[in-house]
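Participant: Generate the whole structure from the sequences, applying the supplied hints.
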Amino acid sequence: MSDQFASTRREALVILAGAAALPAQAAPPKFLTEAELAQLAKLVDVILPRTDTPGAADALAHVIIDERCAANASLGARWRELLGRMSGDAEAAVKAAVDTPDFKLLKDATIDAYYATREGLRQELGWNANTYLPEWKGCTHDEHR
Amino acid sequence: MSTGSQAAPNVQRSAEVHEVIVIGSGAAGGMAAWNLTRQGVNVLMLDAGTRFRRTQFWSHVKPWEAREKAALGQRPPQFYVDTKEQPYLTDEKNPFELVRVWGRGGKTNVWGRVSLRYSDVDFEGPAKDGWEIPWPIRYKDIAPYYDRVEQLIGVCGGDDDQDSLPGSKYHLPAPAPRCGERMIMRAAKQAGVSVVAGRRAVLTKEHNGRPKCHFCGACGKGCDIGAFFNSSDYLIEPAFKTGRLKVLDNAVVARVLVGDDGLANGVQYFDRTTREERRIYAKRVIVAASCIDSTRILLNSQSARYPNGIGNSSDVIGHYLTEQIRFHMYGFAPELIGTKAQNDDGIGGEHIYLPRYNHRGAKRDYLRGFGSQFWNTGAQPGLFWAKQMPGYGADFKKRVKDCFPALMAMHPYGEVLPYRHNRVRVDGTPNDQYGVPIAKLEYRTGENEQRMLKEMYDMAESIFRAAKAEMLPFTRGAIDSYGSAIHEHGTCRMGDDPKRSALNKFNQMHDVKNVFVMDGSSFTTASEKNPTLTILALAWRASDYLAAEMKRGNV
Ligand SMILES: Cc1cc2nc3c(=O)[nH]c(=O)nc-3n(C[C@H](O)[C@H](O)[C@H](O)COP(=O)(O)OP(=O)(O)OC[C@H]3O[C@@H](n4cnc5c(N)ncnc54)[C@H](O)[C@@H]3O)c2cc1C
Ligand code: SF4
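Protein chains in written order, with my numbering: chain A, 1 to 145; chain B, 1001 to 1555.
Note that these hints are calculated values from the structure, not bench results.
Because the structure is a prediction, the values reported are computed rather than measured.
Here a beta-carbon is modelled for each residue, glycine too, at the ideal position from N, C-alpha and C.
All the pointers check out, no bait thrown in.
Pairs of lysine-lysine residues, derived as DSSO-like cross-links and limited to a Cα-Cα distance of at most 27 angstroms, are as follows:
#, chain 1, residue 1, chain 2, residue 2
1, A, 104, B, 1387
2, B, 1551, B, 1246
3, B, 1340, A, 137
4, B, 1505, B, 1169
5, B, 1387, A, 95
6, B, 1401, A, 95
7, B, 1212, B, 1062
8, A, 104, B, 1398
9, A, 42, B, 1387
10, A, 30, B, 1084
Restraint-style ranges between C-beta atoms, simulated for each label pair:
#, chain 1, residue 1, chain 2, residue 2, range
11, A, 75, B, 1468, 39 to 49 angstroms
12, A, 38, B, 1248, 47 to 57 angstroms
13, A, 30, B, 1428, 40 to 50 angstroms
14, A, 108, B, 1040, 51 to 61 angstroms
15, B, 1394, A, 108, 11 to 21 angstroms
16, B, 1338, A, 75, 31 to 41 angstroms
17, A, 104, B, 1394, 16 to 26 angstroms
18, B, 1075, A, 28, 16 to 26 angstroms
19, B, 1394, A, 88, 15 to 25 angstroms
20, A, 108, B, 1080, 18 to 28 angstroms
21, B, 1089, A, 98, 35 to 45 angstroms
22, B, 1170, A, 98, 48 to 58 angstroms
23, A, 28, B, 1393, 22 to 32 angstroms
Example chain B residues on the side facing chain A (calculated, C-beta under 8 angstroms, incomplete):
#, residue
24, 1063
25, 1176
26, 1179
27, 1183
28, 1186
29, 1214
30, 1217
31, 1343
32, 1344
33, 1345
34, 1346
35, 1383
36, 1393
37, 1397
38, 1401
Facilitator: Below you can see the structure in the form of structure tokens.
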């Protein structure tokens, strides 16, 4: 399988720049309004921001959450309430929400979404598994025994 | 509804009387069908679903590709039964989560593959401590069948057996532990507990012409090359080759039918696609629909002769539902924090196992024992643990990345005693879409489990402490939801005393000689171990007995 996601930092940055040049989302939102989705993009980025690797919004975590809302109306309603409360400056809204159910929902959903994307799982964490290996070596470190 | 042999006039009946009907195609049903057909017996298998095609498995679909495929309207095989289609009731205060797979191979399509032999510590337990009835068999009775099953299906493992975990001459090579697993082994040793090589039904080398595992870690999505045992590929396909097996797909069995002589003479089932009721006849019936579904069928098989369900003069059928309590504990191996993530897939599950040890040393203030599994150790997708770490932002993101390669996971399993009040019932429950009463599960654990749990937590914590692991928060005494072990047992138990058991030691009903029940419902106790290797061995043994009894003209 061709792997467009490179392991070196330099190449990663090139990809990052490319990602940033893309429009925030191609398709219209499935459940949320444009404004809600834009706010959600800011919120997920406060949880997992862009560093030398893509952040949650780069990985379209907010779009994934919108898709989940579209598939489950009561979940969607719950997000709508959250977005109603966490409006305005995203950084400040997250800070004010810490320890509330809103924060937990936002954080958990951002983690679930981001770390299942190419950007989150492969590029950020370096996971490159679920492949075909001829042999299994396991731990080869004497110091781990 | 009548369950005698008179059917309503519009019910389709087949005139043919089959030699043997097998209900269910999972581990138990698959084994019965395979073993009988190769001995010259003709078998008709009824299965509630259809075949899952390996070519359609999503074994190599990455998490992000799954989303892309879903957007195109594609779906992986839907293994699990939807409770909307087949509901069951459970006690709201003590919910029991029932996991069912209907279709060729049953739960073996997606099972965890941990394959542990029961030992005499397990088989002799109840006879020694006097809790409920003794097992009617001992290790020596089943050992030759464990040998045969392992040779047939391929189980990898070590030679580091213990009195509580019998070894095998037939293990395929054990895969080397992952880094985090080595550290668990080292820490456990310091804590005075031994951790051995895991035993798993995964082909670590080519076996009986089947390809070896390519270490992709996707087993839970089904294996696209069939490198772990599943009943469909390993038992049912070979049984077809004998020319003596027929399978009726989408045949949801409701009841076992009874003739005037008190023997079973067939089954009533509903076509899952048309919902039509059908009756089909046979000289012998093997019930192997998995513990809860089998028990529901038996309890619903009521007649003048068997008012509380077929073969239930002892009134034990439906009672003594048991499995294991379990919990999860997580930490991070200090030497692995901040290292580069490795490919930790291996053979999918953990490569190590912690066998029961509490039967040694000082007598405990509780009965029975526990062992532990360790799946998810290493760099594994699915970052549920990150939700339990404090904070957010760039520091949090870095912390998650640092911890990713270092996860150590522990999942102790402790035996739940058989209690009469833990049960499957069909009296007074609503009907399903076919008009058949659904099952209600009543289940709660007691004092004994609470006391055992204390030692389980002490043990788990001592290992993480010895590893100097940074631990995720946990609540002592918390347990996973009932049913989550997916090891239901005991509701049609075997025993020597027909007043206190439903089956004899060959899985044959005491009351109805031509009915055999071969799945986990036949277990007298649950033990701390995963059951499927033992289900396979018992089903082989029971079907050998049935074939011999047929030759002798006894059934
Ligand atoms: C995720 C997961 C992980 C697991 N991990 C392990 C493990 O590591 N080790 C282990 O030992 N076990 C494990 N198990 C349990 C293991 O899968 C079961 O013990 C085993 O499959 C039981 O075999 P069975 O034949 O009794 O039932 P099943 O395999 O469930 O098969 C039941 C069959 O009966 C059919 N059926 C059901 N109802 C009807 C009906 N009314 N009419 C007709 N047919 C019917 C179904 O279609 C199916 O074919 C796991 C299970 C799951 C789901
Ligand atoms: S790890 Fe091995 S057994 Fe599991 S799905 Fe991959 S190839 Fe099959």
